[in-house]
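Residue numbers (our numbering), protein chains in the order written: chain A, 1 to 340; chain B, 341 to 745; chain C, 746 to 1038.
Take the hints with a grain of salt, since some may be wrong.
Derived DSSO-like pairs (lysine-lysine); straight-line CA-CA distance at most 30 Å [claimed, not checked]: (1) B:Lys655 - B:Lys725; (2) A:Lys80 - B:Lys491; (3) B:Lys655 - C:Lys801; (4) A:Lys80 - B:Lys475; (5) C:Lys801 - B:Lys406.
Worth flagging that the hints you see were computed from the coordinates, not collected in a lab.
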Amino acid sequence: MTDRVSWPPRGMLFGVAAALLLAAAPLFLAPYATTTLTRMLVFGLLAASLALLVGVTGLPSLGHAAYFGVGAYAAGWFAKNISAGAPLSLLVAAAAGGLVAAATGWVAVRARGVFFLVLTLAIGEIVHQAADRWDSVTGGSNGLYGIPATMFGGEPISNVGLLYWYVLLAFGIGLAVLWLVARSPYGTALRGIHDNEPRMRALGYPTSLYKYAVFVIAGTIAGLAGGLLATQQRLVTPEDLGFTTAALALLAVIIGGAGSLWGACLGAALVILVRDTLGPTLDGHGPLVLGLLFILVVYLMPCGIAGIRLRRGQRPAAGDSGGTGKPAPEPVSVGGGASR
Amino acid sequence: MSGIVISRRHILGMLGAGGAAAALSACGSSIGNDSSSGGGGETKSIKVGLVIPQAGVYAPLGVDMKQGWDLWLERHDGKFGDFTVTTVAADEGETPQTGVPATQRLLQSENCDVLVGIVNSATALGLRDLVTEAKKVLVVANAGAEDITAKGASPYIWRSSFANGQVSGAMGTYLAEENADDSVYVIASDYAAGDEALAGFTTAFEKGGGKIAGMAKPPFGKTQDYQPFLSKIKSSGAKATFCFFAGSEAVSFVKQYRQFGLADDIPLYGSGFLTEGGVLDAQGDAALDVQTSLHYTSALDTPANQEFAQAYQDKFDAVPTVYAVQTWDAANVLDRALKASGSADGDDLSKALGGLGEIDDSPRGPWSFENQTPKQKFYMRKVEKEGDGYVNTVVAETEPVGQGG
Amino acid sequence: MSAWFDANLVSILNGAAIGCLLFILAIGLSLVFGMMDVLNLAHGAIFLGGAYVGWKVGGAAPTWASFLLALGVAVLLGLVAGGVLSAMTEPLRNRSHLDQALLTLGIALVVAELLSMAFGNDVRGVNAPPGLDGSVSVFGNAYPTYRLMLIGVGAVLAAGMWLLVSRTMIGAVIRGTVADREMISAIGIDNRKVKLAVFAAGSALAAVAGVLGGPIYGARPGLDATVLILALVVVVIGGLGSVRGALVGALIIGQIESLGRALFADAASFVLFGALAIVLVLRPQGLFAGATR
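From just these sequences and the hints, can you work out the full model?
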């Protein structure tokens, strides 16, 4: 029951190196590479917030893109109609994501196993429909376009390198929040719920409340990621909160190894590379390659990128909550008999 | 299991290739002056990014568009004026999620001078800031949202296709002239294009003295069964139906309109996409006698179209569609503009496009840019059987009309 | 009341026809999940495969011979596809639902792409076989004959499934497996064989539903995702692993998609998932959880 979720023990060094490399990236990368890297950061933060739900708490949500999209619309609308000043739209985005997660989460966390999957799918679809129909705010199926560039000190951030740094800073803050939550005693309790919810409840933990709270936290950070999407892409469409986005975010989490925040970010980078950079050059076979990626990841990387590293390094502690690797009896399975 | 191993090697190969490509284009810096000076100059070559859907539900349109583009270039020695054309195609996919990054790559990584294509309206609208800030010309060869050349106009975005309300408005005016006393039921997919089409039709039809009997908007992309809506049309007492559907929804709607017995009593009218291209074959006999308005039909009896249609048939063994013509014309206007400007620079090209005047040799008939979008004739077309296939024959045609009306 | 009934009669009838088609589609998904604990998101792709078989083998205007041949080919291909899926999910026996869902989602993406390579991206329209491709008058309204036949086929199949599950030895094994998989394997019945059989039969039914659905839905890219979502909603509303649940769920969704849209035209796009959310809030395990009848 160690801090598997956080940076690996020796990973602090890695973390610092990675942060330096990321910070310096625009200095030696061409604009398109920088733009791609910016997309990776945005999607990486979404994936990391989902990892907190899936890997740490054992809540595999198929509707997480809803909060991402709500944040994106909120930020876009705010920047367009009220103020494009630097951090404001991001704060609005995070608040909107958190609020909608709070409004829908109490329904979702009551369901278990596959019902949680389907109920979150339904929530995602309903929010998707709302985005599609609420023309006056969201622009309907044409999307919310013409979002102004973020202003910093009276100047618009239009240079891709400067925009990247702005996104990187927000990404860093969001990831730090997730990391602190996962490292805290509360995070330990969440892992306990993942492994054996009835026992945690017997020990006196208010497990439903805990799950609800983490759902809202993840929704808030997903909202922040959505705000970054609106900032970077300056266009939000209903697709951004559709099923495809949600499924790709899950794929990123699984690639990374459920439970690993940095793994999820790497997974997200791979997904964006395949979807945005490789996909359009394949004469329309982008979906095929994505499908193969799904299949390969499930077969070949049962513990994700984080798992590969662990296997090379130290053995995971007994009772480790890898979640996907061990054939341990799953408390996350469907029946829920024990808890009723 | 061996299949999987092969697939794995395959995908790794692909990833390797992608990685190498990324590495090649990854050097340089993103800080400081981002003006890039690709193409143009003394070499007299121009690089065109063709953004068309190659995967997903719009893929059949992408095929037609590519063929229209290729055919024009083939018949003009691959040149716009003195400029040798290099085309880089990218997959627009179904949504802006794929379309925007694909275009971004063409602009920032491939350094294209001009962009052509775009089927999805949201993608076209979402690209406005990107192409405006890059000062590169984009010729939209399909997307029909009004805002692309109205509220959301950019000096660099031109359109060689149509506006949604323009197409349906032509039908509204025509129907009002033909039989203004009859009330018409209007129905369209519930999304932006459907809304615009209905608004265009209703405004024109009511202006001509017509009455609307009722309106319905089935959910877009989520309706396979139109029976609930067909019942409403029947009970409304309307004398005709006007509809806007495209793709698989056009097929389902037209077939069910006949299956539920409406086709015999309440004639069906629509925007031309209802019976254009591949969907017409899938509709089969159910589409007979359906009347639609569009700025092109393969049955058009003009020398320009007959020559075009014959060449298209010879090369691709297919009947040309409006989507092919729109991309053909995109190449046509770029050719004329480059001859006038002699420069691939976005500002020069934009200025030249504005001064083109009438395009007199298009398969669709004469048209010109008005507010950066075509002012063109519309044809009232009726589906008839011809041999084994089906064709949209011309019943009537309008004077050239612009987007505004 | 009777005026209301008259006005909506065709919608109700139509809901029943769609419901029957959904039942044939969803029963396999339900049993595979209920018995084998595998959430098979490739189910829609098999339906689409069946639809293309109907178009290719049966032809756009099929004769009875070609229509029946298409059904036969669909059954065979469905059985094979089910076998392959069973084998591919076998290594994931002890992994989470999420892993299975992602694997089958990947398979669905790949199959859909292969289908579009093989059959193109155009929309393919299919007619009903001769004699069924017209309309009959139902209380003064024209109604497609084919859809009436679909209601009959659905009713026969539902009765057959119910008898199979409740009255036969095979049914006993099926019910036992849903209730307690370990117990069934303890009395000497190989779990893997049961899984293979259920997977193959369920997939064959999905492919058959694809052929039967051809004259209504046609065959086109993207149809797989549409029907998968409908089948998932049916299965979840009805409760997993239950024949009765799948039937009731399918008939409810049929009415929601037909009558519901006629009555609430303005909110048509919210009706389906709204209904699903309400059911899950009130009964988080579905209407007929665990009852295998």
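Comparing the hints with the structure gives:
no., hint, verdict
1, B:Lys655 - B:Lys725, "holds, 24 Å"
2, A:Lys80 - B:Lys491, "holds, 15 Å"
3, B:Lys655 - C:Lys801, "holds, 26 Å"
4, A:Lys80 - B:Lys475, "holds, 22 Å"
5, C:Lys801 - B:Lys406, "holds, 27 Å"
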